[in-house]
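Required output: the full structure, derived from the provided sequences and hints.
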Amino acid sequence: DDDPSETKDEEEKELPTNDEPEDDDPYHEKSSSTATKAAGGEKPKIVKELANMTLFHGTKYKSFQTSIEDPPSYMHSICEPKIGKILSKDEGANAKLWRSYNVNHMTRTYPSGARINSSNYNPVLAWAMGSQLVALNFQTADTPLLLNDGLFKQNGNCGYVKKPDSVLGQSGMKSSTQLRIRILCGSCLPKPDGATEGEYIDPYVLVTVHDVKNEDGKESDVTSKVLETETKDDNGFCPMWNQTKFKTATIHNPDVAMIEFSLQESDPLIDDKVANASIPFSCLRRGYRSIQLHDTHNTRSGPFGFATLIVEIDYDPS
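Everything in the sequence shown is counted per our numbering, starting at 1 for the first residue and increasing by one.
These are computed hints drawn from the structure, not numbers from a lab. Do not take every clue at face value.
Stated by the list, open to error - Straight line, CA to CA, 16 Å or less: simulated EDC-like cross-link-like pairs of lysine to aspartate or glutamate: (1) K153 x D295; (2) K225 x E260; (3) K247 x E230; (4) K247 x E312; (5) K191 x E260; (6) K247 x E228; (7) K273 x D193; (8) K162 x D255.
Okay, structure coming up:
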């Protein structure tokens, strides 16, 4: 007679895969037995069908042509240097395939291990590919982390943001446009690190665009400075710049571009970054606008509670 326990064991070995796991996944049929040994030699006590629905199986990337046929529970983890390498191959076709893959699958990207100072890579390119889990070093409040804070301020700070239709493949990519901006004044600008004592600050403002550019069919991230105001000596209360001319910048991908406003203090040695605001270009509205500035922890408490910039924004309608 057939032994039903043997049949069950055979069924549990039928998880299809065409890749070796990238991480040591105790529920993946081809993973090592390290996790099993750590648990005292016993197999994980979880129903296979439940694991298939709730667990992401880490698989090594080979090509999106094959990965796109994998079950939706299969996920790629791609290191920062590999992002550019993938997008530089196949004459740019990988960008479209990667977005298609991410419609029904998950991709996690993460910083290079060579970043021993815990710095970060620009996340805009990974977002443009539709990657859902763009991991950053949260212990370092640098520009990429501030861009991350700015992106997820959308949707009521709930932590989730819907991908643009162009990234989901539901519409074509929007054409490039021209951003025009001028800085008028500031109000209640704090000292560096929110200090309550010390000399008056000498503020100036930098505006930078973080974008994704398609050149010769290949996509890459691009950072460009739009403008830098003059320094206003000893005036953090209400510095007046009153720029009369707009500064212009090309926005290559309006759906994913981020605009960074950075308040700096001029210093004889090294200028200090005082406050910032990162805003998706898709969230900008034309006209006279108040830009709320945040500290390095993405908060507006204490001395940062009323820090604002008054600007005028214009751009070509899409």
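Comparing the hints with the structure gives:
| no. | hint | in the structure |
| --- | --- | --- |
| 1 | K153 x D295 | 14 Å, holds |
| 2 | K225 x E260 | 9 Å, holds |
| 3 | K247 x E230 | 14 Å, holds |
| 4 | K247 x E312 | 11 Å, holds |
| 5 | K191 x E260 | 19 Å, violated |
| 6 | K247 x E228 | 9 Å, holds |
| 7 | K273 x D193 | 9 Å, holds |
| 8 | K162 x D255 | 11 Å, holds |
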